[in-house]
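Participant: One letter stands for each residue in the lines below.
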Amino acid sequence: MTGWLTSRLLQSLAVLLVMSVAVHGLMALMPGDPIDLMIASDPHLNAADAIRLKALYGLDKPWGERYLAWAGQVMRGELGYSRLFAKPVLQIMGPAIANSLTLMGTALILSLLAALPLGILASRHQGGWADHLVNAISFASVSLPTFWLGLMLMVLFSVKLGWLPAGGMQSLTGDGGGVLDSLRHMALPVATLAIAGIGQYARHTRAAMLNEAAQDYIRTAKAKGCTPRRLVWRHQFRNALLPLVTLLGLEFGNLFSGALITETVFGWPGMGKLIADSVMGNDFNLALTALMLATAMTLLGSVLADLTMARLDPRIKYR
Amino acid sequence: MIKPRDLPALVGAVLLVFLAFATLSAPWLAADPEAMNLAAIHAAPSLSHPLGTDELGRDVAARLLNGGRVSLAVALSTALLAAILGTAIGLVAGYRGGWVDAALMRMTDGVMALPLLPLLIVLAALDPAKLGIGDEARSSEIFMVGRMVVIIALVGWTGAARLVRAQTLSVKTRDYVRAATALGATPGRIMVRHILPNVASPMVVAATLSVGNIILVESALSFLGLGVQPPMASWGNMLTGAMNVIWSAPDQALWPGLAIFVTVLAFNLAGDGLQRALDPRR
Numbered sequence: 001m002t003g004w005l006t007s008r009l010l011q012s013l014a015v016l017l018v019m020s021v022a023v024h025g026l027m028a029l030m031p032g033d034p035i036d037l038m039i040a041s042d043p044h045l046n047a048a049d050a051i052r053l054k055a056l057y058g059l060d061k062p063w064g065e066r067y068l069a070w071a072g073q074v075m076r077g078e079l080g081y082s083r084l085f086a087k088p089v090l091q092i093m094g095p096a097i098a099n100s101l102t103l104m105g106t107a108l109i110l111s112l113l114a115a116l117p118l119g120i121l122a123s124r125h126q127g128g129w130a131d132h133l134v135n136a137i138s139f140a141s142v143s144l145p146t147f148w149l150g151l152m153l154m155v156l157f158s159v160k161l162g163w164l165p166a167g168g169m170q171s172l173t174g175d176g177g178g179v180l181d182s183l184r185h186m187a188l189p190v191a192t193l194a195i196a197g198i199g200q201y202a203r204h205t206r207a208a209m210l211n212e213a214a215q216d217y218i219r220t221a222k223a224k225g226c227t228p229r230r231l232v233w234r235h236q237f238r239n240a241l242l243p244l245v246t247l248l249g250l251e252f253g254n255l256f257s258g259a260l261i262t263e264t265v266f267g268w269p270g271m272g273k274l275i276a277d278s279v280m281g282n283d284f285n286l287a288l289t290a291l292m293l294a295t296a297m298t299l300l301g302s303v304l305a306d307l308t309m310a311r312l313d314p315r316i317k318y319r
Numbered sequence: 001m002i003k004p005r006d007l008p009a010l011v012g013a014v015l016l017v018f019l020a021f022a023t024l025s026a027p028w029l030a031a032d033p034e035a036m037n038l039a040a041i042h043a044a045p046s047l048s049h050p051l052g053t054d055e056l057g058r059d060v061a062a063r064l065l066n067g068g069r070v071s072l073a074v075a076l077s078t079a080l081l082a083a084i085l086g087t088a089i090g091l092v093a094g095y096r097g098g099w100v101d102a103a104l105m106r107m108t109d110g111v112m113a114l115p116l117l118p119l120l121i122v123l124a125a126l127d128p129a130k131l132g133i134g135d136e137a138r139s140s141e142i143f144m145v146g147r148m149v150v151i152i153a154l155v156g157w158t159g160a161a162r163l164v165r166a167q168t169l170s171v172k173t174r175d176y177v178r179a180a181t182a183l184g185a186t187p188g189r190i191m192v193r194h195i196l197p198n199v200a201s202p203m204v205v206a207a208t209l210s211v212g213n214i215i216l217v218e219s220a221l222s223f224l225g226l227g228v229q230p231p232m233a234s235w236g237n238m239l240t241g242a243m244n245v246i247w248s249a250p251d252q253a254l255w256p257g258l259a260i261f262v263t264v265l266a267f268n269l270a271g272d273g274l275q276r277a278l279d280p281r282r
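Chains as they are written, first to last, in our numbering: chain A, 1 to 319; chain B, 1 to 282.
Hints were generated in silico from the structure; no laboratory data involved. Check the hints yourself; a few may be wrong.
[Unchecked claim] Residues from chain B that keep clear of chain A, each with C-beta distances beyond 10 Å, as calculated: (1) Val-14; (2) Phe-21; (3) Val-100; (4) Arg-106; (5) Ala-129; (6) Glu-141; (7) Ala-166; (8) Val-177; (9) Ser-201; (10) Pro-256; (11) Ile-260; (12) Phe-261.
[Claimed, not checked] Below 30 Å or equal to it, Euclidean Cα-Cα: the simulated DSBU-like pairs (lysine-lysine) are: (13) A/Lys-54 x B/Lys-3; (14) A/Lys-61 x A/Lys-87; (15) A/Lys-54 x A/Lys-87; (16) A/Lys-61 x B/Lys-3; (17) A/Lys-87 x B/Lys-3.
Think of the CB as a built atom: it goes at the ideal place given N, C-alpha and C, for glycine as much as any other residue.
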């Protein structure tokens, strides 16, 4: 077990290292460089200043050297300064992660609350009308473009009905900042993500339940006179949860990398929007850190999923 | 006789034929998608503009059809390229085994574990000038479309690779493969002539099911301003335009999104149907 864990973590670390080289290299291929941007925004700087600044920041060095310098700084915990926000990168990441967790955690819980019953219902009436209905809902949900769903909710509830705010996290004027105000701002992005997630969770739940229904222990329990309710909840559902745990482990990384599109549509200041803004705004330090964190969390999520599986299911042995 | 359970797949297939016909005949069916008419912005639907006009007075129906052409062309080419890449990697990994297999599969796992959308955004934001691509080539439509295809295929081949590898592992110990080996066939010939035909049908299913996702990814990138660039129309960038005028013309957001939804749904239904039709266990 420890050996397995060590090798998994080492493997993840290797992927992370390769990713850091790749992302750092790709960043150098982005349009413009930081000094050119600095010059463009300040008329007092001239070409001679540009050369001095490039030397100062080490931008005249070859790429390999720049990568090593950056990696060294990151190891020492110096993540640098964000150009877009004019703040140290660390100070920006904290609130962004918290905002993404709030948004996506809430959406995930709501999604599961709808999808688990739907999946169970479908599996209990396989081939019946409930199954067909859940199947239709799942197909629709996985085929929906999230940004369009968000826009449609915005058109309906913000533009036409005027019930909910169209973006941001809280009102800037008047009684802004209250709990109710925050909840009103959360409603549309959370609904968007929750609706978009129902399909895949319902499908996986249904498949997992049907998979368990075919097992011998179910027939044994039936033969012993187990009530249908007990059969479904105590026997079938508990085992069907195992594959769902894997799915949730993979979702763990996403919680930290944020919902890029939904956050952008609704102006929600989470990690997803941060990644999009920093990449498109040439904010190298911020973009690199945010991308590396997102990658690290995704990798960690899949290791956690395997660990949880091993704990929950005594049949699984890792070596 | 059509069974009720095959009905969704049939609906998907009919929708796809309709979409292909409509988007391919766009130049004859619809007006010029890039012709502006500032005297008639946000016009209501009429005979000359069946779905009205957008914020620059362009015909929405024409942009929808032409945007669909771009989206479908990108999605189908990407699915094909990703399938080819994945099949090649999976075949080699499965047939060679040993360290080649281990290295290729660790690479596949690595790519699979990455956060896809952030990575795609980085790839889409790269400056083609710094990759040594000339000015003229950069501004061509072919380049714009080709770039999307390459970027999405670069991260989208992993599923195919795993599928083909698993299939190859199960096929390569069969007697006819061993017979071919004994007769002195080269590894290349065995992979292409004897193993590839046996992995083809699950690959077709997987590729069809991947098209829907690719359309979603492509339109998301275009929506963020990193895919197909205006004035060329795509469903994604039409929605960007619609979002900018959401308060003055909220209905603009309806059609492009609906088009994406219906197309993705059609591919998913058709792919699901294919999967059931080709599944020997049924």
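Participant: Hints first: check each against the structure and report whether it holds.
Facilitator: Structure-based check of all given hints:
Listed as outside the interface, B/Val-14 is consistent with that label: its C-beta sits roughly 16 Å from the nearest C-beta of chain A, beyond the 10 Å cut-off. Non-interface status of B/Phe-21 relative to chain A is upheld: no Cβ of that chain comes within 10 Å, the nearest being about 21 Å off. For B/Val-100, the requirement that its beta carbon stay farther than 10 Å from each beta carbon of chain A is met, with the minimum near 18 Å. The Cβ of B/Arg-106 does not lie farther than 10 Å from every Cβ of chain A; its closest approach is about 7 Å, which violates its non-interface assignment.
Not every CB of chain A is more than 10 Å from the CB of B/Ala-129 (nearest about 8 Å), against its label as outside the interface. Remark: the non-interface label on B/Glu-141 is consistent with the geometry, its nearest Cβ contact in chain A lying 20 Å away (cut-off 10 Å). No beta-carbon of chain A comes within 10 Å of the beta-carbon of B/Ala-166; the shortest separation is about 18 Å. Separation of B/Val-177 from chain A is adequate, the least Cβ-Cβ distance of about 31 Å exceeding the 10 Å criterion.
Every beta carbon of chain A lies more than 10 Å from that of B/Ser-201, the smallest distance being close to 21 Å; the non-interface claim holds. Once the 10 Å rule is applied to beta carbons, B/Pro-256 is inconsistent with being away from chain A; the minimum gap is 8 Å. Not every Cβ of chain A is farther than 10 Å from the Cβ of B/Ile-260; the closest lies at roughly 5 Å, contradicting the non-interface assignment. With a least CB separation of 6 Å from chain A, B/Phe-261 falls inside the 10 Å interface cut-off, contrary to its annotation.
Between A/Lys-54 and B/Lys-3, the direct Cα distance comes to roughly 70 Å. Violation of the 30 Å bound is thereby established for this hinted pair. With a CA separation close to 26 Å, the supplied pair A/Lys-61 and A/Lys-87 stays within the 30 Å bound. Distance hint between A/Lys-54 and A/Lys-87 is fulfilled; the C-alpha atoms sit about 21 Å from each other, no more than 30 Å. Note on A/Lys-61 and B/Lys-3: the hinted pairing is violated, with a Cα-Cα distance of about 68 Å set against a maximum of 30 Å.
Between the alpha carbons of A/Lys-87 and B/Lys-3 the distance comes to roughly 63 Å, so the proposed pair goes past 30 Å and is violated.
Hint check: violations occur at hints 4, 5, 10, 11, 12, 13, 16 and 17; the rest are consistent with the structure.
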